[in-house]
Amino acid sequence: MSQGFKEITTNGLWHNNPALVQLLGLCPLLAVTSTVANALGLGLATLLVLVGSNTIVSLIRNHVSDAVRLPVFVMVIASFVTCTEMLMKAYTYELYQILGIFVPLIVTNCAILGRAEGFASKNSVGLAALDGFMMGLGFLLVLVALGALRELLGQGTLLVDMHLLFGPSAMNWLVKPFGENYSFLIFVLPPGAFLVAGVLIALKNMLDNMAKTRADSHKSKPVKGAKRVRTTGHIN
Amino acid sequence: MILSSIRDNALALALFALITALLLSLVNDLTDDRIAQAERLAAQSALLEVIPSERHDNDMLLDTQPVPQQFWSLLGLEKGGNVHIARYNNEPVAVIIPTISHEGYSGDIAMLVGVNLDGSVAGVRVVKHRETPGLGDKVELRKNSWILDFNGRSLSNTPPQKWAVKKAGGDFDQFTGATITPRAVINQLVNTLTYFDQDNDRLFALKQTPKTQDKQ
Amino acid sequence: MTFKQITSPHGHNRQSTGRIMQLVLIATLPGLLVLSYQFGWGILINLFLAVLAAISAEALILKIRQRPIGFYLQDYSAVVTGVLLGLSLPPLVPWWLVIVATVFSIVVAKQLYGGLGSNPFNPAMVGYVVVLISFPIEMTTWVTPVSLLPEGVSHPGLFESLTIVFAGFSPMDGVTGATPLDLFKHSNGLLVDQIYQDNTLFSSASFAGVGWEWANVAFLLGGLGLLKARIFTWHGPVAMLVTLATMSMLFWDGGSSNSPGSPLMHLFSGASMFGAFFIVTDPVSSAVSNRGRLLYGALIGLLVYVIRAWGSYPDAVAFAVLLGNFAAPFIDNYTVPRTYGHNQRRKATAKEEDE
Amino acid sequence: MRQLWETPGGVHPPENKVQSLKLGIGHLAIPEKLILPLIQHIGDAAKPCVAIGDVVLKGQKIASASGDLSAPVHAPTSGVISAIEDRPVAHPSGMSALCIEIISDSEERWIDLYGHTDYKQLSPQEVSHLIADAGVTGLGGAGFPSAAKLDNGRTKPVNTLIINATECEPYITADDILIRERAAEIIQGIGVISHVLDMPRRILIGIESNKPEAIDALREACKSTAIEVVVVPTKYPSGGEKQLVYILTGQEIPSGQLPSDIGMVCVNSGTAFAIKRAVIDGQPLISRIMTVTGDACGINRNYEVLIGTPVSHILEKNKFIRKNCSRLIMGGPMMGFSLSSSELPVVKTTTCILAPSHSEIPEEDPQQPCIRCGLCAEACPASLLPQQLYWYAQSEDHERLQAHNLFDCIECGACSYVCPSNIPLVQYYRSSKGNIINSRNAKISAAKARERFEFRQVRLNKAEQAREVKREARRVATEKAKTSSSSAADIINAANLRAKARQASPDQQKAKLERSLMAAKMRLDEAQERLAEANKSGSAEQQAQQHASVEGARQKVEQTKRRLEELIR
Amino acid sequence: MVAGHSHYNKRMQEFAIILVSSILINNYVLVQFLGLCPFMGVSKKLESAIGMSAATTFVLTLTAMASYIVNELILMPLGLIYLRTIGFILVIAAVVQFTKMFIEKTSPLLYRVLGVFLPLITTNCAVLGVALQNANKDLNFMQSSLYGFGAGIGFSLVLIFFSAMRERLAAANIPPPFEGAAIAMITAGLMSLAFMGFSGLV
Amino acid sequence: MIELLTENIILAALVSLVGLGVLFGGLLGYAAEKFKVESDPIVEQLDELLPQTQCGQCGFPGCKPYAQSIADGDAINKCPPGGQSTINAIAKLLDVAAPSLDEEHGEEEIRTVAFIREDECIGCTKCIQACPVDAILGAAKLMHTVITQECTGCDLCVEPCPVDCIDMLPIEEDIDQWRWSIPKNQHQLIATSSSTVHETLT
Ligand SMILES: Cc1cc2nc3c(=O)[nH]c(=O)nc-3n(C[C@@H](O)[C@H](O)[C@H](O)COP(=O)(O)O)c2cc1C
Ligand SMILES: Cc1cc2nc3c(=O)[nH]c(=O)nc-3n(C[C@H](O)[C@H](O)[C@H](O)COP(=O)(O)O)c2cc1C
Ligand SMILES: Cc1cc2nc3c(=O)[nH]c(=O)nc-3n(C[C@H](O)[C@H](O)[C@H](O)COP(=O)(O)O)c2cc1C
Ligand SMILES: Cc1cc2nc3c(=O)[nH]c(=O)nc-3n(C[C@H](O)[C@H](O)[C@H](O)CO)c2cc1C
Ligand code: SF4
Ligand code: SF4
Ligand code: SF4
Ligand code: SF4
Ligand code: FES
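Sequences listed follow chains U, D, P, X, B and V, in order. Numbering of the first sequence is given in the numbering used here, commencing with residue 1 and proceeding in unit increments. Numbering of the second sequence is given in the numbering used here, commencing with residue 1 and proceeding in unit increments. Numbering of the third sequence is given in the numbering used here, commencing with residue 1 and proceeding in unit increments. Numbering of the fourth sequence is given in the numbering used here, commencing with residue 1 and proceeding in unit increments. Numbering of the fifth sequence is given in the numbering used here, commencing with residue 1 and proceeding in unit increments. Numbering of the sixth sequence is given in the numbering used here, commencing with residue 1 and proceeding in unit increments.
Bear in mind the hints are in silico, worked out from the structure with no lab data behind them. Ideal Cβ positions, reconstructed from N, Cα and C, are used throughout, including at glycine. It cannot be assumed that every hint is accurate.
[As the list claims (entries may be wrong)] To give a feel for the contact side, a few chain X residues facing chain P, derived at Cβ under 10 Å:
| hint | residue |
| --- | --- |
| 1 | Gly53 |
| 2 | Leu57 |
| 3 | His129 |
| 4 | Ser326 |
| 5 | Ser357 |
| 6 | Glu360 |
[Claimed, not checked] In silico lysine-lysine, DSSO-like type, Cα no more than 27 Å apart, as pairs:
| hint | chain 1 | residue 1 | chain 2 | residue 2 |
| --- | --- | --- | --- | --- |
| 7 | V | Lys184 | X | Lys448 |
| 8 | X | Lys536 | X | Lys156 |
| 9 | B | Lys10 | U | Lys204 |
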């Protein structure tokens, strides 16, 4: 079951990306990506929880019975989320307010429980933490990409409100590539979130297809029927 | 068999619950002060926008008076509300009145209106509305500075017929393509100032509440 | 002697998709004429821009997908989408807005689903709603009908209109105003009679707003023509109009200050007739069976009224149609007609008994 | 005036019937070669009963019925059997099937004919045998052996006999001309049929309003009978059996059932004529009336054509010009199929040879996407939703296809005819029906294979256990032999023991018996199924046969059971 | 909408508004972005979508009630608001487990249909979302339950219609990169566009 | 008691969470015991869909074991005799996307049946032992024949035959088994210009 560093990395960031491939954690993905700042905030929070929960779950994986496994995992995740929630409240209150209930809802981000069940409960601590980090990073990157696209297309800005995360000095990171008056509201509103996410997924499919055709032209064909077994056993 | 299963699982879960609870209460203990502070700050910031901190030295959050019931309908309040009073050196300097317009294009527009002692507008902020994005939402300061046009206006320095959009011969701009929202805001402002006229004696006569730590 | 093998039936009634679309185009003519008379050059410019953009967008996508461009363009569906979209946009909107709307309809709503016949949503309405939501300022300013223009003011001429559309000047005051439904909506608190008296838009009209009523009558005529030519069945449009009329009758309230307006106004104002005969009837995105279309039409009629009366969009046809599109596949599953030899209608989700 | 019911849908393609009605029924010279496919009907192929080189007489049986729903084939003219082999036949697949070829001697020597003008003296069964023996199959469509249809009609009470003279397909006028010229004989045929059916309560002739002369002729011929001539509005496909039944009686044939299930039998007017010839004149079915039409033919008219005549022979005699012809169609334009070659022979179900010119039936325009316009649904006589069927046929969603009643589609082609996007809808349905039937069959055989596999697994396990037991016994025996003194007696004893151990143990015997019991039971089930089927649709003879085999199977089961019980005891 | 006179009428009106609001205007899936994973994941087949809808609606309603009780009777009196998340998630897990057992016991047939969907509901944001929102909004018991129920109906409505639509798309000739999840997203986007028409309704 | 709790927040947290934990754990423990064994009906359903050729090309000794393995999460594209249609059917059952056939297990070929050239057969019975469905008749030293209707075409009998007298013959389609094929959907085939449209038609 154990995978190498490279595999875990590419899985998390690309091949098995929670948002684009597994289609998990969609709620925050679509709900908080109207700006980069929001996306980054929630992405970081999720990343934190993922690494933490994966680590703990991997630590305790041999000590819980099947019947209570799930509730224990949920409890681990929930306590991490609650900690994060309290920290965010204490230090980035405004951002916390904008993200609204999506911070506590990290608990039900299916990707997290999915990783705990699917990976951390079967692997060593180091790998589990790495997997959590990579999955979280993959999720974060998609969140930020979506946020950037929507912000840019919708209100013609980039990096607005970054001061909520990085303090007042981030105020002047703001860029407005399309001038002052640009706005294309649909991308800020819910429909735009779906549309841009759909296009992102299609883009990934396209890249994958291109990579695949390129790889196929290099790869030799597998041996056909190599894995056959005899169903009728030994014949004497 | 079944009993032992129940017991074992209950114990396991309880153990985890114990650890979790400990951890969480620990973190809570560490952060609750900061959180309370942040919450207060957030609640204040709306008020502070209307009447900035250099103009007063009391805690406006705590220095409040309920709006008398007979004025509720004038202010558009259905469940009543509290007027916040700003004082400097214990002397009242202004009040902040909550008010709601029901004439918005797609629903209510809730505002906070700061009124100076002399009945002039100290500041207006829309705190909640459902106007059309891109059209009526220019009442937000984030989107447009229109709302600042009211500062300094009072019923005495602006005659009633001038409390209207320019299109209707008034003093205030309308938004391109939207006159309903500005009209609603203006009308409600007039109502609020009227209320202030009628109730200011009472408001300013009231004793101040004990001063607490306010600004940091 | 050998012969080519072709399956039955041999022969065909010579009807073609392209011809159906052409008929739809012809049927829009009366409405188009009335609209351009009432609202000036803006309508025609919209139409021209939208059709051009629709054809170009369609051709571009076909090229990217390596499909035969000529073959697909000859079905005229892109032109129909363009024309219907052009007819629904307010006159004298900036050129880029028309382009954005058209590109959304053709590229996102139609071609991403595989082109003609595959799109679950009505392309023209998707385009319309996208710009309505994104650019509300431009989309809520209508031109005043010709008969209401103040003394000495006239609609901008062709050249002037073009400069308005392309150079981004805003039309002069007096030429623009609200639509009757919009007016009605934000005159809440007035008795209906008062609204009618106060606004020339109503007071000099016979039933539903100057300019608009005649445009609706014209679209009704065009639609009846299509009905006669059996391009569509009566179920969709009639169901929609009847529901709309019934709802407005129920809540008419005698013209009190809460009244959402009379049945006559709802039937002949806004995009009611245009919607009923040209949008609801879009075969691709509506329900398939006759019973399904009855339900589909009724649903749209109901939603039009609900949104008009209590929502924040004065002319709800576009939203109602999209919501109807949304429900159509579901409706289809439960309105399969009774087949010869069966006692009961079947649900499309029914399993074979023997399996 | 009888009340008529209106079917939904339907289309009105140009009729194109006048051109072939200008002349009466003509006769063609006998071709030098006749090719007779052994399967010209629904059901199993006939079996040849002649050999190459045999000389046959006109009307002589050359292949006899064999299997379910079969019909014999007779020599259409006298001559020599020159081949019995696979030949391309008139079939949409363009594939080959077994045919008998006769080289005609142009002498037309008949066999002796035994007519039964007094058929009323015979029992219905006997008359129906006569019909079967004459090789009469339905001439109106599917080619269902008529005797089988009538027999089945007799097992259930039939109250209505419907004669289908609608001829709703464009171009075809074979029934029309037949009625005009030989109405009296048709009425006689109807008499025979109603005798076989034990005198149904009402007899209706359904005929479309576009055949005034034929209607007059029929009315004239029916004057003194109880037969009602009912004129139905002209609309394609009111000639479809289900549609006609509904138009005339307002009753629908329940899905998956037959007209006889609601007490009706529907027979084509040409079939009635053929039955008259078979019973009253004793002539087997060796020729039929057929329309030859289309602009690529110089002459358009109806002929009485010998079954087996190559199409090319007919075309030659009709000033056919190849280069004018866009396609060659057997049957009408709506349901007929195109022939790949003109060498194919005419069969019993051939109503028409249509050779249209390029302008008459031009090339199909390319298929465009379905716009769900619903014109097809309006045209469908079965109230299906052709556009949905097409949609699901494309996504191969068998479940949904069946839920949309794909199998109630009569393949009339009305939907394709009106489709503005030129979609060959019917072909999608045919192919989907084929796929569904194939996958049903595959499921059945998969289930059988699984059963056999699992059975084998059980058997092997048992055998393995039995072997284990035996091995153990042998080991014990040898051990005993070793430990005890090796006296001769002991050796013999041990040998005996070993032999005994080697002999099939009771367990093994039991397993064997159980196996054969299972097999016998399976066979019994199968036989019972077949019997039920035969009861539903087979002849009395078949029923008896199946009954016997069920009995046999049951005995076998009993026997095995008994032996098993003995063994256990 | 309709002016009510008696107290009873007013109550009914309030309930109707809550329902309309939670089903249409603030639809959990299309407007509030909650419960999207099952929305995307279990919408390929109409039958499964119907099963999922039924199960989710049931759990949502029950959770809304149970979490109200936990919140009002345990967390609020003890000042443990920060334990809301964890408390509610435990409640949800328990409710799901209870539902599973209950259905299994009472109707094995229903269990066969819904069984596979039940565990998925624990990680459906909408469930926790309803509990949290209700707690934030300080609703009473009846209102909480209604919000839960309305959320469930709204979820079901959208999910079922969406799956019918996706079944229709199965035969569409969609450009390859957009096949599957991408076109589903875009369809959901257009649906959410349509739902914007409900804004301002109440 | 209550007062103690309200005053001591940490204690309150402990008590309430532990309380919930105990309650919940107990419930689960009860459920775990009560509903322990559950047969997996999905295996049966999967097995129904597999072609039952019993050929072992999937790498399992027969179709049932492969069905079990799919239920345990194995890939669904390993059965060449079933081909794409079986993969699609399984994908539909499991509500996942349908992959294409894994070529390492073989290719989808037209169906065949075994045929024993009887004059060459030496009656060694090896093929009988090899046949998973008992489709070969015969006894030692007697010539053998294949019951065509029962042969699944798995070709397992071919290799053991010492004299190579077994051929796998494609099932010939006769006029009864012929089925209409789906029309070529021209508008998906044509490349670029409309003139080619007519050519592909002819
Ligand atoms: C979809 C839509 C949304 C609108 N939203 C607003 C709004 O938020 N605020 C507003 O004042 N008017 C709104 N309007 C109405 C204005 O467009 C209306 O025509 C205008 O306020 C009347 O202004 P006028 O007197 O300048 O013509 C909306 C209209 C439409 C069609
Ligand atoms: C498999 C099969 C079995 C049939 N069995 C009977 C029957 O038992 N009795 C009967 O009256 N007709 C029977 N029919 C005939 C049909 O009712 C119908 O008359 C015949 O198929 C001709 O169909 P057409 O409408 O396609 O020409 C059978 C048809 C088929 C295909
Ligand atoms: C669409 C369709 C049209 C048909 N048209 C006729 C017709 O015009 N005349 C006719 O005799 N049979 C027609 N048939 C065949 C009849 O359904 C039916 O099989 C036939 O009348 C039975 O008589 P038979 O067994 O004597 O051939 C048609 C069948 C179909 C499916
Ligand atoms: C009666 C009729 C009505 C139509 N209405 C519309 C419409 O409302 N919007 C649109 O984009 N296309 C419309 N079309 C054109 C065409 O069906 C549409 O472009 C398809 O939805 C594209 O797949 C219509 C076509 C017909 C025949
Ligand atoms: S007639 Fe053709 S285009 Fe119209 S719905 Fe039927 S199949 Fe589609
Ligand atoms: S071919 Fe089938 S679907 Fe088409 S019209 Fe005839 S019965 Fe209806
Ligand atoms: S490959 Fe397919 S047919 Fe062969 S054993 Fe495996 S599942 Fe059965
Ligand atoms: S006869 Fe040969 S090919 Fe046929 S099933 Fe048996 S082993 Fe397989
Ligand atoms: S993230 Fe909301 S349901 Fe999965």
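Structure-based check of each hint:
no.: 1; hint: Gly53; verdict: 30 Å, violated
no.: 2; hint: Leu57; verdict: 32 Å, violated
no.: 3; hint: His129; verdict: 32 Å, violated
no.: 4; hint: Ser326; verdict: 8 Å, holds
no.: 5; hint: Ser357; verdict: 12 Å, violated
no.: 6; hint: Glu360; verdict: 8 Å, holds
no.: 7; hint: V:Lys184 with X:Lys448; verdict: 34 Å, violated
no.: 8; hint: X:Lys536 with X:Lys156; verdict: 10 Å, holds
no.: 9; hint: B:Lys10 with U:Lys204; verdict: 53 Å, violated
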